[in-house]
Amino acid sequence: MWPSAFEYQRPVSLAEALQVLSDHEDAKVLAGGHSLLPAMKLRLAEHEMLVDIGRLSELKEIITIRNGGVKIGALATHAEIAASVDVQRACPALASAAGMVGDQQVRNWGTLGGNLAHSDPASDPTTVVLACGGTIQIQSASGSRSVSADDFFIDLFTVDINPGELITSVELPDLSRHKSAYVKMAHPASRYAVVGVGVVLEMSGNTCTSARVAVGGATVKPTRAPGAESALAGSTLDEAALNAAADAVKSDIADMLIGDMNYPEDYRQEMAGVYLKRAVRAALS
Amino acid sequence: MSQLNLTVNGTAHTLNVPESRTLAEVLRYDLGFTGTKIGCEEAECGICTVHVDGVPVDSCIYPAFKADGKKISTIEGLATHDAEGEEHLHPLQQEFINHCAVQCGFCTPGLIMTSAALLNENSNPSEQDIKIALKDTYCRCTGYTSVMQAIKSAGGILRGDGPLPVNEPAVDEPTANISRSLKVPDIVDRVTGRAKFSDDYTFPDMLFARTLRSAYPHAVVLHIDTSRAQALPGVRAVLTAEDIPGENIHGLVHLDWPVMVGVGQKARYMGDAIAIVAADSQDIADAALGLIDVEYEVLGVVDNPIFAHSPEAPILHEGREDGNLLKHIKVRHGDIEQGFAEADVIIERTYHTPTTEHAFLEPECAIGVPAGFNAEHSKLTVYVGSQIPYQDRNQIARAMNLPDEAVRVRGVLIGGGFGGKEDIAGQIHVSLLAQATQQPVKMLYTRQESLLFHPKRHATVIRIKTGAKKDGTLTAVEAELYGDGGAYASLSDKVMTRATTHATGPYNVPNAKIDCFAMYTNNPPSGAFRGFGVTQSAFAVEQNMDLVAEALGMDPVQLRLINAQKVGVTTATGQLLRESVGLIDTIDKVTVDMRGGLNGSFRWGWQEGDKAYGWGIASAYKNTGLGGGAPDKSEAEVEAFEDGTVAVRTSSADMGQGLVAVLAQCAAEELGVPYERIRVLLSDTDLTPDGGPTTASRQTYMSGNAVRHAAANLREALTSVVSEEYDKPPAQLRFEEGLVRVNGTSIQFGEAVHLAKEQGIATRIRHEYWGPKTQPLGTGGDMHFAFSYATQAALVSVDLNTGAVHVEKVISATDIGRAINPLLLQGQIEGGIVMAMGNCLTESYIIENGVPWSTLLARYKMPSIKHTPEIISHLVEDRSADGPYGAKGVGEIPSINTSPAIANAIYHAVGVRVFSIPVDQDALLRAMRTGSTEVHTAWHDVR
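So the protein lines, in turn, are chains A and B. First residue of the first sequence? That's 1 in our numbering, and the numbers climb one at a time after it. First residue of the second sequence? That's 1001 in our numbering, and the numbers climb one at a time after it.
Worth flagging that the hints you see were computed from the coordinates, not collected in a lab. In this text the structure is predicted, and so the values were computed from the model without any measurement. All residues carry an ideal CB built from backbone N, CA and C; glycine is no exception. Among the hints, erroneous ones may be present.
As the list claims (entries may be wrong) - Short, incomplete list of chain B residues facing chain A, as computed with Cβ under 7 Å: (1) Glu-1041; (2) Glu-1042; (3) Ala-1043; (4) Pro-1056; (5) Ile-1061; (6) Asp-1129; (7) Ala-1133; (8) Ser-1746; (9) Lys-1861.
What the hints assert, rightly or not - In the SDA-like style, the derived pairs of lysine to any residue whose C-alpha atoms are separated by at most 25 Å in a straight line are: (10) A/Lys-60 to B/Lys-1070; (11) B/Lys-1070 to A/Ala-79; (12) B/Lys-1071 to A/Ser-57; (13) B/Lys-1071 to A/Gly-54; (14) B/Lys-1135 to A/Asp-247; (15) B/Lys-1611 to A/Asp-247; (16) B/Lys-1071 to A/Ser-13; (17) B/Lys-1071 to A/Thr-64; (18) B/Lys-1135 to A/His-187; (19) A/Lys-60 to A/Pro-163; (20) B/Lys-1866 to A/Gln-9; (21) A/Lys-60 to B/Leu-1739.
Construct the complete structure from the given sequences, taking the supplied hints into account.
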């Protein structure tokens, strides 16, 4: 099957790309294309112009920044993120999640920026970026802005990006002294997350002083779990605390659940508790 | 259109193509690199994988212009050539051949290119590394075990450690050519991208066709207006039912399926064709479909077989006496009341199995070339990968109003079939369009169209009641089955008959009463699918056996041994089993392995940490051949040449199972000619005699016998010529190693052929092999001429926190009479097991009120390499008297008992019995938590 005909632009610089996007309001940005092209071929989406940003080498860099955190260019691929020593040091949960995305074909071309912009609820990196407290850098022809991951995800497949804007990078804090992990229940066929849970724990001895928890897969968008976070904070992460957090996460996401005939909402809700515990244990191990 | 620069396998190409082209399309259709296959267009199946600057990508969704200026590597470029031009295969290509990791060959280029990328990074990958790298590159034939071995072996060669040994199954008595794992003759083509499937063919002035299908599952077509489509530039023909010169009907057993639904007629499912279009390009044909206006009167939908049988259900096929009842099939044996009166334990339960999809990786494709197109095409010719070329020809001829002989069907390689390529797909439509336009016309279905259109495995409801005495002896089986036949008969009649006659299981059951109702519904038609109905009834039978064993406090193996069919037993259809019943051997081989694996401390179930483990066992039998009184014959031709080579011809189909090798082995064995000198031509209705349908696990037996006898007759003819010429008694002549030997001297086989030709003795011999006579159901006697038997044990783990089920290991033993080609046979077994595992755990073709939901490959969950368990397969060779060298069929038997073995294992692991598949892990978890012992919902059931 052929996608419906489209025009194809390949800007060579960020400035050119932003100008094209500003001139063509309906243009769709093409990064890795693994979500967009199948949708177009199956006529689930139609776009008259694709702007392929694959040549903007300035968006591929991964570097350690002043505060010890890491700045990941929007076009860094999942494979590059998984292999990056900077990401492995500052944000090991993201490196591990990037290694779980799709298969090697997808990891080689799929990008973090594309993943965030598309915001599939079953994606792995989006949940981790939220758990880690990332900041998304966005540019347009008229300027730039940054949005915290807490505000970036709005609804199903909906994020805070306006026409003419482009994600340029994602900044993540230095979590090298934290304990963190991302675990998921993978769909048996697609390996997408039926439920994915990311945790970042600040520890003082055996006591967890603060926690960030994000849930994906089970919810319309990556979702923080404040109840679970307070259940973990101040505890020694013993069985009682884990059980309390598992109960709390189920209420935290109760209004955000999605499901299908294979994995209904209440099953995913239940699994969020199971996988929260697994995530905490993985972070501590 | 823009200019695109690509370097493909080292050669630079510049071309002008539309910007919306994908890389796969440019490679295949613009540059002719047809080794790269397209399986799904959704980046789901991975078989279109090529390397862009060394990095693997799914080329079917990769915009071609993204690769502008880059270096592309495809399967065609993987082998190297030396200064003399000789080809040296890449170690992966070599090891895929050696470990028999290639069956149909359609996914092979994708598997090899994905593996090559892995080995480029890491030549010593762990099993886990391989599973991660290949987890989204599907293969539907092999079951992945051999693929895993081949990759590891190739890694060994690349590292300098050398290859791994090939995992050959043990056989009883190898001869020069029989019970030997000889390579399929064209196997090198299947690993180099040279093998050509339907869509790889192209002809001058070829047009592209598409089909408009019904907008509703049940509706009367009131009006069709094609004028807007006709007016679209580039459209060459738009045809409807009115344009069919012959009969507007087709079907394999019952003629009930319209070629196209005309005005005033009814569409009975969403796949029904309303109009067909041929145009200069695929996208013009596509656009034209949107310009055809159809008015419908929408009718009520019959969405399941039990409702179909009720008086309120709308009738699908008017004028039938039986309404929606396609067929009521009955088995009556002994005295059922007496049987249950004798029973100490009676178990009665109801089971549900789902509609499932073959998901062969090659979507249907047919090419029609009009009569008189050129010297090679004096007749209307259809190129297609079909399981039954002669029936295709007959159905095309009927619709075209031509005599059968005026049509030629030329079979090409088949990218997987599994029963799904028996019915007509686009064969008649391309014939109509080719004749109307006088140009060649190709109709390639998209994956999504393939999912919507072709017949599936019958969803079946099975209520079964089993009675047994305290000592374990079975006394009676009563069963009622409802099969969802879908909109048209296809092979429902035969499939559900097999479900019914096999519903006692492979046991001695003295009293039986089994009723099956095959029903018409507005779902996609159901037809042949590996296992042919027995897959469904075995799921019920084998779980009831475990329930009986539990009620009696008896070991499940013991119960099966007590009741196992053996020589002297009479089946429920009245057939006295006189020979070749290897069931008990299969049970023994499997249980020795199963129990020995834990050093004697065998347990059926146990827990470790967060996981519960359980073993489950199940046995099965499956007929070889059509049976039921149907005349079963295969015709083959063997021709010897003076250069010492031999040609074998029959219309039977090779869809990856390796029939070409089996037939060549039979000819080589009889003529004493080296295997390499045998050429096999299949599936051409002008050049090959009718081998009958490639179905019912019948071709090794039937066409194998036809070739064996033709070759033996040819040998006899040559014997008399040589014995006369050299004045030696015929009994002293030996045909071996390409020679005719007599008492220390010899002549070349080709010389013998030369002598025969000189004397005007025929060196081309046809043989029509008739299988042993069978009787229709209900008349008693032999319903089938042979049965294969199998036992499997599955070890599963169940995650106690999530309900997720994983199959860790499967041990199988299969009685196939004789292994003609042990490695090919093992490939059938491993592939069948993994396919059946999908049937039990994940696969379900979901239909909502007649509207299919599973019309994306992403919505049909089949096993990938990630799910493949460890598989140990033993062969049992209990020879059959009439099969070639004692062989029986193997195509279906491995995929019948895996599902109940897994279900029995789940019960032993967690104490919950699963009555509906695919397994609903959510419901399983709830049951485990609440202490319930039964799950009656399946994965796809909406609560």
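### Query
So which of the earlier hints does this model not fit?
Failing hints, ascending: 6, 8, 14, 17, 20 and 21.
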